[in-house]
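> In case you want the letters, here they are:
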Amino acid sequence: MDEKELSIAEYEQTFIDDLNELEDWFLQYEYLLQISADLPRIPSERRKEENRVQGCQSGVWLEMAYTDGRIRVTADSEALIIRGILSIAVDLLDGRTPEEIVSYSPRYISETNIKKQISTDRFNGLSSVVDTVKQFAAGAIRRED
Amino acid sequence: MPDIETIRKDFPILSQQVYDRPLIYLDNAATTQMPETVLRRLEEHYRKDNANVHRGIHILSERSTESYEKARDTVHGFLGGGAGSEVIFTSGTTDSINLAAFGLAHTLSPGDRVIVSVLEHHANLLPWQRLCAVSGAELLVLPCPDGEPDLTQYEQWLSEGRVRIVALTQVSNLTGTVFPLRKMSRPAREAGALFLADGAQGLRHETAPVEELGCDFYCFSGHKVLGPTGIGVLWGKKEALELLEPLRLGGGMVDVVQEQSYTAAGLPARLEAGTPNYSGAIALAAALEYLTSLNRKQVSDREDELLRYAEKQLSGIPGLHILGKPQERAGALSFTLDDVHPFDAASVVDKFGIALRSGTHCAQPALASFGVSAALRLSPAFYNTFEEIDEAVKAIVRTKEMFQKWTKKS
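As they're listed, the protein sequences go chains A and B.
Position one of the first sequence corresponds to residue 876 (the working numbering), numbered consecutively onward.
Position one of the second sequence corresponds to residue 14 (the working numbering), numbered consecutively onward.
Note that these hints are calculated values from the structure, not bench results.
A quick note: this is a predicted structure, and the numbers were derived from the prediction, not measured.
Don't take every hint at face value.
Claimed, not checked - Using 27 Å as the maximum straight-line C-alpha spacing, the simulated DSS-like pairs for lysine-lysine come out as follows:
no., chain 1, residue 1, chain 2, residue 2
1, B, Lys338, B, Lys413
2, A, Lys991, B, Lys407
3, B, Lys251, A, Lys991
4, B, Lys407, B, Lys22
5, B, Lys196, B, Lys338
6, A, Lys990, B, Lys251
7, B, Lys418, B, Lys325
8, B, Lys251, B, Lys83
9, A, Lys1009, A, Lys991
10, A, Lys1009, A, Lys990
11, B, Lys418, A, Lys991
12, B, Lys325, B, Lys251
13, B, Lys364, A, Lys991
14, B, Lys364, B, Lys413
15, B, Lys413, A, Lys990
16, A, Lys990, B, Lys61
17, B, Lys61, B, Lys83
18, B, Lys22, B, Lys310
Claimed, not checked - Here are some, though not all, of the chain A residues that point toward chain B, as calculated from beta-carbon distances under 8 Å:
no., residue
19, Glu896
20, Tyr906
21, Ala940
22, Tyr941
23, Gly944
24, Leu955
25, Ile956
26, Asn988
27, Gln992
28, Phe1011
Each residue gets a CB set at the ideal place from its N, CA and C atoms; glycine is no exception.
Take the sequences, apply the hints, and build the full model.
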């Protein structure tokens, strides 16, 4: 089945199940590293202060566009574990309609060990990545109206 | 010093398991752990003697005040202060440096100069930065190539004149560089400058009396010498402390107060406005007594041995780069790993039960001087073992291997 036939929430559940099936931290990190390998890099010349996500000590950059009725999202980080976490967000949100995105409430952080990974104040920004995309999607809807 | 097993029994926090593994705590440059005797002293104070100090005539207040003032004497004795000096209790090194820096604002004029080094913790950089900005003085940041202060540049600046304050760390929290304070304080004071040492990382290492180091001011924090957090010290020569305009005004620091004016109390009260952290001070004194009972020189020697061992073992890891090659290193060493971001490394190493510090270490210009923006830091205390260092090294190697697999692919 094509993943895009799943709703964001259904697709998200597959990540949650995958992660929670892996018992220890090392396997969960391996999983995140594995999926991070598929996330395209944002070249350094496009990593600017304007698209840097505030509050992430390791440096997180987010690029968004709205074309043909779909939101395009990509993200990058210097740290691979963070890239793995970002890769879930990008997989879930890239190519969705703005309406799907605004009505989505993320669970992949709160229902997995990722919440512990990013619980320190150094990674506040990471949990705001989805919010930033949702705001962008809401803006896209407003412009359409 | 008793054997290591006996010492470790004094620190209840060290015997726990994390992630089903024994905790290996190697982040002592950030915070050291408290021995049983300090924990007990703190509890005892709250259970039996707790009352505000210097404020009441009742029995508890008297006991509390007596313990607080005795703690001041203990700190003074530990530092080897001498008769012409005084201990001010603060909330920590950062507070102490702010108290000194802003207290000296009135002594600076445009064109005056203040020297710090590039290896300073932000706590010994930002107050001077601000002080210079508001007074028109110039901030000179001493380069430390390869982690060693450039003494030629230093003496050059001093000889040019108008250096009013020199503020240097005793031991760098990033590279572990031991600054040659005796060598640096003498020409500073001959040039008419006040000399402040940030002893946060240095106090467990250096056992000589603070007066011998040639300081006018010396600062440290309780939580880096087995005491609780939220208590620190600004030690100073009386004539230097007298120069300080109180940064904080309020209860306890005054003599006579009228509606429009006040007269300040004498030292040390003048610089301790508000209810002090007396329980912290009392526990800090217990911590210093504990260190003294172990034999300070042996504590310092053991920490040096552990650090030298760690440096030797880590140097053998390909792709691991230790920051700086100072002539003398104490307390901490920082490093980067090829292809592994320090955040990633620290996250994984943590799951092996090993507490290292990662990030900027509150020393961004220092890191930048090595061309990096983050690093990992390993900082042993005397209660660590050589086996723990071995475990940490093994975990670092395994972490590196885990990431190498993926960095090559992406």
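> Let me know if the C-beta of glycine 944/A comes in closer than 8 Å to any C-beta of chain B, holds or violated.
At about 31 Å, which exceeds the 8 Å cut-off, the nearest Cβ of chain B leaves the hint on glycine 944/A violated.
> Checking one constraint from the list: CA of lysine 338/B to CA of lysine 413/B, max 27 Å. Satisfied?
holds, 23 Å
> When you check the alpha-carbon spacing of lysine 61/B and lysine 83/B, does it fall within 27 Å?
The given pair, whose Cα atoms are some 17 Å apart, holds under the 27 Å limit.
> Regarding the pair lysine 418/B and lysine 325/B, is the alpha-carbon distance no greater than 27 Å?
holds, 26 Å
> So if I understand the rule, the pair passes when the alpha-carbon distance is 27 Å or less; does lysine 1009/A with lysine 990/A pass?
holds, 20 Å
> Against chain B, with CB atoms and a cut of 8 Å, does the hint on isoleucine 956/A hold up?
holds, 5 Å
> Is the hinted pair lysine 364/B and lysine 413/B satisfied, with a Cα-Cα distance of at most 27 Å?
holds, 14 Å
> For the restraint on phenylalanine 1011/A, tell me whether the closest CB of chain B is nearer than 8 Å.
Nearest chain B Cβ about 26 Å off; hint violated.
> Using 8 Å as the Cβ threshold, decide whether alanine 940/A counts as touching chain B.
Since the shortest Cβ distance to chain B is 23 Å, the answer is violated.
> Closer than 8 Å between Cβ atoms is the bar; does asparagine 988/A clear it against chain B? Give me holds or violated.
violated, 10 Å
> When you check the alpha-carbon spacing of lysine 196/B and lysine 338/B, does it fall within 27 Å?
holds, 19 Å
> Going straight from one Cα to the other, do lysine 1009/A and lysine 991/A come out at no more than 27 Å?
holds, 23 Å
In terms of the numbered hints stated before, the structure departs from hints 3, 6, 12, 16, 19, 20, 21, 22, 23, 26, 28, listed from lowest to highest.
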